[in-house]
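Residue numbers (our numbering), protein chains in the order written: chain A, 1 to 303; chain B, 1001 to 1351.
In case anyone wonders, no lab produced these hints; they're calculated from the structure.
Take these hints with a grain of salt, some might be off.
Some chain A residues judged to face chain B by a derived CB distance under 10 Å, without partners named [to be verified]:
hint, residue
1, Thr128
2, Thr180
3, Val190
4, Thr285
5, Ala303
Given the structure is predicted, the values throughout are model-derived calculations rather than measurements.
For every residue, glycine included, the Cβ atom is placed at its ideal position computed from N, Cα and C.
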Amino acid sequence: MPYNCVVLIKQVPDTKRITGEAMNEDGTVNRSALPAIFNPEDLNALELALQIKDQFGGRITVITMGLPAAAAILRDSLYRGADDAVLITDIRCAASDTLATSYIISCAVKKLDYDIVLCGRQAIDGDTAQVGPQLAEKLDITQITYVEQLSELKDKTITARRNIGNGWQQVTAKLPVLLTVTGEANESRVAAAKKIMKYKNARAPVEVRQRIKAENPDADEATVNELVKQHCDRLAGEGLLIKQWDLDYLQADLNWCGRSGSPTKVHRIQSVVLAAKESKVVEPTEKGISDMVHELIKDKTIA
Amino acid sequence: MIDVNREGEVWVFAEQHNGQLDDTPIELMSKARHLADTLGVKLAAALLGDGVKDLAAKLIHYGADKIYLVEHPLLTSYQTNSYAKVIFDLIHKYEPQIVLYGATITGRDLAPRIASAAKAGLTADCTDLQIGDHKAGSDNELHKNLLFQVRPAFGGNIIATIINYDRWPQMATVREGVMPLPAPDGKRKGEIVTEQAQLSQKDLPLEILAEHKRPRKVNLKTARVIVAGGAGVGSRDNFKLIWDLANCLGAAPAATRAAVDLGFIDSDHQVGQTGTTVRPTLYIAVGISGAIQHQAGMSQSQKIIAVNNDPDAPIFQIAHYKIVGDLSEVVPKMIKAIREKDVNQNGPREN
């Protein structure tokens, strides 16, 4: 039987690739200079959904809450085999912590038909691993975290293997479930050339608007709106319009969104500055090393 | 959602499996004790399970004033919904100010579920916890005695201090090894509050079919000397150098995440933000560039020797002894020097 999957994805700054160019002169990181990428473990979640689709059939909807630029990872998902893409974008989502984010996303997921919700275990910017479980709580569905393998999917039952640190655990539950997927679960497939050709022109309305305004700098608002509508209708006819939902469409309670919906707030941020330290250069020679060892034995560091 | 209150206790989730307390609740005890003392409130542990009452005394010896004990056959093994429900009910009844969890697989599965249900704030992987004041809003309203939840963010490139002042309780998870194990005081006394769990089979949607846990291959947290290898070591074969150096020092072998991902050694040996945090007397970093995420796990080492053929490797910023050279040549020299000193001091010995 087919299973419908919803995959949560996030566009994140590439925090693992902090190069000299991304560093400010005072030793702090220039966040806006970092390239934006598809959160790695979300790719693993998407891959698991694709494997389910390969085997059983069903539709995959990818969903992201982000800036308009996040449409890029929605397209990337379509290239890899997702069927539908939803961009949740709204200025009032800004400053949302994990609680507010999971609330907003729950409003969106509740509008979709799903058997399994998948997301990466955690994102490389926040590193909290909280949105998945919090979303599961709001949807009132069973969560299975740290999934490294899907063992069986039969009728309404799923069996998965979890990574529990120094071991594994095999669990089974009735659908619907939410899975958080680890990086070890699989290798995500590359985008298929045919799908790239098909979806490379897929756009969200906000992207269409940005382009039309850039191409028609002197046009008035009414003209822009008309052009945007025409273009979006054409895209929709070709199956290339990325759905775009805002907080009004989601009928979200604004008190639970953005800053007011976020109990955790930042008191202070300190940059980690690599600082020089009292240190000794040791020559990589027998004598240099021997002297160092001697010193360490003398002060009892080495027994 | 419970109301903000100043009388609430400080709680630690006493994670246990098969009747054994995890290290994290014990590690949290000394910091939690300090927080409770600063706030002038009691420190309690929430202990769930079946037949785990003897663990209560241990938690008291480590600093708890009170244990909230909930025993039920359905709590024998951890699973999300049952544990989240029981703790949520306890929070509602007793209204703690602060609830702390280890950032273990279990803690990271459990805490967000509770936070969502309680509509409370949760900060993950804290490296420090303090009590402080915060000014908020346009009218600079002063919120006193909040829990400062300190954690690295953005891949470890910034340190953020997070607070929450309008949703209670304040919750945080703390990684293993970040706080040192306190010394127990066998004379400490405390109170056990027994609560009944309102549970039924429908609170256990997961069925655990099988579980396999193997004992950890190495105890990095208690190692006095650690020899760690990074991606620079080059291959699993070459990692033998790390093992040899570790062996001649009686040290624990360790590795960076990169080396583990490359298959040089098992993840039990991983040191770093997503591995274990260590504070040995001596840390020898071989072929390790010193990415922030790795430094987060070992920068508290008393002495650091770094060996790398890249003179600009960030590890050299925190090393006490900097050796720029080819590790394939340097490490054998170190082994030779150590064995010679050994012979000179103690006479020849069997290897």
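Here's how the hints hold up against the structure:
Checking Thr128 (chain A) against chain B by beta carbon gives a least distance of about 4 Å; that is within 10 Å, so the hint holds. Checking Thr180 (chain A) against chain B: minimum C-beta separation of about 9 Å stays under 10 Å; hint holds. For Val190 (chain A), the shortest C-beta to C-beta distance to chain B is roughly 20 Å, which exceeds 10 Å, and the interface hint is violated. Evaluation of the Thr285 (chain A) hint against chain B yields a held restraint, the C-beta minimum of about 8 Å falling below 10 Å.
Against a cut-off of 10 Å between C-beta atoms, the interface hint on Ala303 (chain A) holds, since the closest Cβ of chain B lies about 7 Å away.
When held up to the earlier numbered hints, the structure conflicts with hint 3 and nothing else.
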